[in-house]
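So the sequence lines, in the order shown, correspond to chains A and B. Position one of the first sequence corresponds to residue 74 (my numbering), numbered consecutively onward. Position one of the second sequence corresponds to residue 796 (my numbering), numbered consecutively onward.
No wet-lab data here; the hints were simulated from the structure. Only a predicted model underlies this, so the values are computations on that prediction, with no experimental measurement involved. Honestly, I wouldn't trust all of these hints.
Straight-line distance between alpha carbons at most 25 angstroms, and here's what the computed SDA-like set of lysine to any residue pairs gives [said to hold, decoys possible]:
1) K330/A - H318/A
2) K111/A - R924/B
3) K881/B - E90/A
4) K102/A - D971/B
Which bits of chain B does chain A cover? Going by a derived footprint, with three or more residues having C-beta under 8 angstroms, they are [as the list claims (entries may be wrong)]:
5) 863-874
6) 882-893
7) 921-932
Partial pick of chain A residues on the chain B-facing surface, computed with a CB cut under 10 angstroms [unchecked claim]:
8) K96
9) Q99
10) S100
11) E103
12) R107
13) P108
14) K111
15) V112
16) L142
17) S146
18) A372
19) Y375
20) E383
21) N386
The beta-carbon is built from N, C-alpha and C at its ideal position, and this holds for glycine as well.
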Amino acid sequence: MIISKHLLGLEGVQREEISLILKTAQSFKEVLTRPIPKVPTLRGKTIVNLFFEASTRTRISFELAEKRLSADSINFTTSGSSVAKGETLKDTVRNIEAMKIDIVVIRHQASGAAHFLAQCLDAGVINAGDGQHEHPTQGLLDMMTLQEKFGRLQGLKVAIVGDITHSRVARSNIHGLMTMGAAVAICGPATLLPRDIPAAFGGDLIVFKKVDEAIRWADAVNVLRLQLERQKSGLLPSLREYAMHFGVTRRRLEAAKKDVVIMHPGPINRGVELESDLADSEFSVILDQVTNGVAVRMAVLYLKSGGEQEVVNGNGL
Amino acid sequence: MYTSDYKIKAVLMDDKSLNRTLSRLAHQIVESNRGAENLVFVGILTRGVQIAERLIEKIEPIEGRRLPLGMLDITFYRDDMLRKLKKPRVQATNIPFDIDGKVVMLVDDVLYTGRTIRAALDALMDFGRPARIQLAVLIDRGHRELPIEADFIGQEVKTTAGEEVRVKLKNVDGEDGVYLVEALSETKIQASQ
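Modelling step: build the complete structure from the supplied sequences, incorporating the hints.
Okay, structure coming up:
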């Protein structure tokens with residue numbers, strides 16, 4: 074199997090490659106439990122984390138993954154940088170690449186930023202979230218967490234609840250999970266449900282108008298963060314109303330399957346999309362998601378380093 | 796890396812002689828360590844684990860207990876990551892015991908350049924501080940590139956660089972035997988250097 078040197082999104086990534094990433098991530102998860110949780114695998118590789126948008130968890134997770142792999146990593150944030158002086162994305166990155174970089178990890182507010190970089194750079198590009206498009210490593214870590222909990226993805230029923238239209242997490246999850254043979258449903262206020270995604274899957278993607286229906290149906294509920302600015306833009310009457318109609322609560326979970334799993338990509342608006350108590354309950358795998366995030370990112374960086382390569386069995390040195 | 800195109804030049808061991816060799820190695824290991832008190836086994840995936848398991852089975856009736864077995868994948872410690880090689884699939888490392896203060900018997904099928912063993916030694920050091928690490932291999936085919944030697948050797952074989960020693964084991968390959976083969980495609984030679 075040949076794998077690309079970029080990870081721009083999960084749309085179009087083959088099932089075999091997703092399986093390989095998830096399996097490799099399991100091996101890295103074991104590395105993280107060792108007395109010395111670090112391997113020399115990417116010694117001599119240089120990785121730049123380009124974050125044009127605020128991020129805590131994703132940036133720390135990538136940074137930790139890079140350090141655990143012994144890569145040299147550099148962080149670039151927009152505040153106080155040349156971007157503040159008006160430099161374009163292309164110029165910024167080409168200048169950085171001139172310093173001999175192997176991989177660029179990019180988070181950007183514009184959808185398509187990672188694709189754009191992949192076209193103008195020789196280095197591998199890993200998308201750490203681009204606008205409302207995709208957040209592939211989040212999709213992968215969600216799938217890894219589900220696979221650990223249920224032992225399979227095939228046939229698993231996953232409901233994604235919240236602002237689907239503006240969510241890159243939702244898009245990556247939908248593409249990845251559908252490729253892996255899971256059943257996926259989306260649920261949210263009509264103003265925040267996209268028309269294009271269900272159409273793209275030709276009716277395979279289920280749409281629930283009521284969160285209770287989604288909860289009753291699902292093996293796992295992935296609750297999205299409600300971005301507070303949606304209220305200002307008139308797509309929501311109020312946060313309280315959202316919480317009342319779409320908030321995932323313990324009371325609503327009474328109708329769910331007994332071993333239902335609650336996921337959230339963070340950061341949580343406690344009491345809005347997710348009842349505070351539920352986030353810390355036995356149903357929650359939110360912290361497993363965070364742990365798996367480091368392992369998944371190590372797997373992606375390992376598999377994507379060194380350019381486009383064939384993956385083979387055996388270890389003949 | 797095993798290629799599919801090859802020609803068998805010699806049978807180095809058949810199932811009977813392989814079994815005899817493993818029995819001898821098991822006795823040597825126990826004798827030289829004056830028992831198996833502090834001994835644990837770590838096999839290098841894939842075939843090192845199978846050989847370690849067979850040695851443990853043979854030591855069990857001698858010492859009256861089954862010694863612990865760990866599995867080690869050395870992929871993350873390879874020294875050729877910066878070269879344009881094919882990317883190996885990673886297998887699961889599993890060392891379910893503490894190696895601090897233990898005598899670790901590291902086991903592999905074929906000892907060649909010594910680079911795999913170097914990687915395995917580095918990996919083991921990340922798990923703790925063993926009292927001692929010893930190396931047991933079924934075949935030593937020479938051509939070392941690093942100052943590494945085995946403590947227990949099934950058979951030494953003189954080989955050329957174009958040749959390859961292929962170990963087949965029941966649990967993985969469906970048969971027991973060791974063959975000296977010649978790779979017919981060039982990919983093999985590049986991959987093993």
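Each hint tested on the structure:
1. Our distance criterion of 25 angstroms between C-alpha atoms is met by K330/A and H318/A, whose separation comes to about 20 angstroms.
2. For the suggested pair K111/A and R924/B, the alpha carbons sit about 16 angstroms apart, so the restraint of at most 25 angstroms is met.
3. This hinted pair checks out: K881/B and E90/A have alpha carbons roughly 15 angstroms apart, not beyond 25 angstroms.
4. For the hint pairing K102/A with D971/B, the CA-to-CA distance comes to about 34 angstroms; that exceeds 25 angstroms, so the pair is violated.
5. Figure legend: the region 863-874 of chain B, annotated as covered by chain A; annotation consistent (7 residues with Cβ-Cβ distances under 8 angstroms, at least 3 required).
6. For a cut-off of 8 angstroms, the count of residues in the region 882-893 of chain B with a CB near a CB of chain A stands at 8, and the three-residue condition holds.
7. Residue count for the region 921-932 of chain B with a Cβ under 8 angstroms from a Cβ of chain A: 3. That meets the three needed, and the coverage hint holds.
8. The interface hint given for K96/A is met, as the beta carbon of that residue sits about 7 angstroms from the closest beta carbon of chain B, less than 10 angstroms.
9. With a cut of 10 angstroms, the hint placing Q99/A at the interface with chain B holds, because the nearest CB-to-CB distance is about 7 angstroms.
10. Here the hint on S100/A is kept, as its CB sits about 4 angstroms from the closest CB of chain B, short of 10 angstroms.
11. For E103/A, the suggested interface contact is upheld, since its CB lies about 6 angstroms from the closest CB of chain B, less than 10 angstroms.
12. Because the closest C-beta pair between R107/A and chain B is about 6 angstroms apart, less than 10 angstroms, the hint holds.
13. With a least beta-carbon distance of about 6 angstroms to chain B, the hint placing P108/A at the interface is held under the 10 angstroms criterion.
14. Here the hint on K111/A is kept, as its CB sits about 7 angstroms from the closest CB of chain B, short of 10 angstroms.
15. With 10 angstroms as the threshold, the beta carbon of V112/A comes within range of chain B, its nearest partner Cβ sitting at about 4 angstroms, so the hint holds.
16. Taking 10 angstroms as the C-beta cut-off, the interface hint given for L142/A holds, the closest approach to chain B being about 8 angstroms.
17. Taken as an interface hint, S146/A does not check out: its beta carbon lies about 16 angstroms from the nearest beta carbon of chain B, beyond 10 angstroms.
18. At its closest, the beta carbon of A372/A sits 8 angstroms from a beta carbon of chain B; the interface hint therefore holds under the 10 angstroms criterion.
19. Because the beta carbon of Y375/A sits about 8 angstroms from the nearest beta carbon in chain B, less than 10 angstroms, this interface hint is met.
20. Checking E383/A against chain B by beta carbon gives a least distance of about 5 angstroms; that is within 10 angstroms, so the hint holds.
21. The criterion of a C-beta within 10 angstroms of any C-beta in chain B is met by N386/A, whose closest approach is roughly 5 angstroms, and the hint holds.
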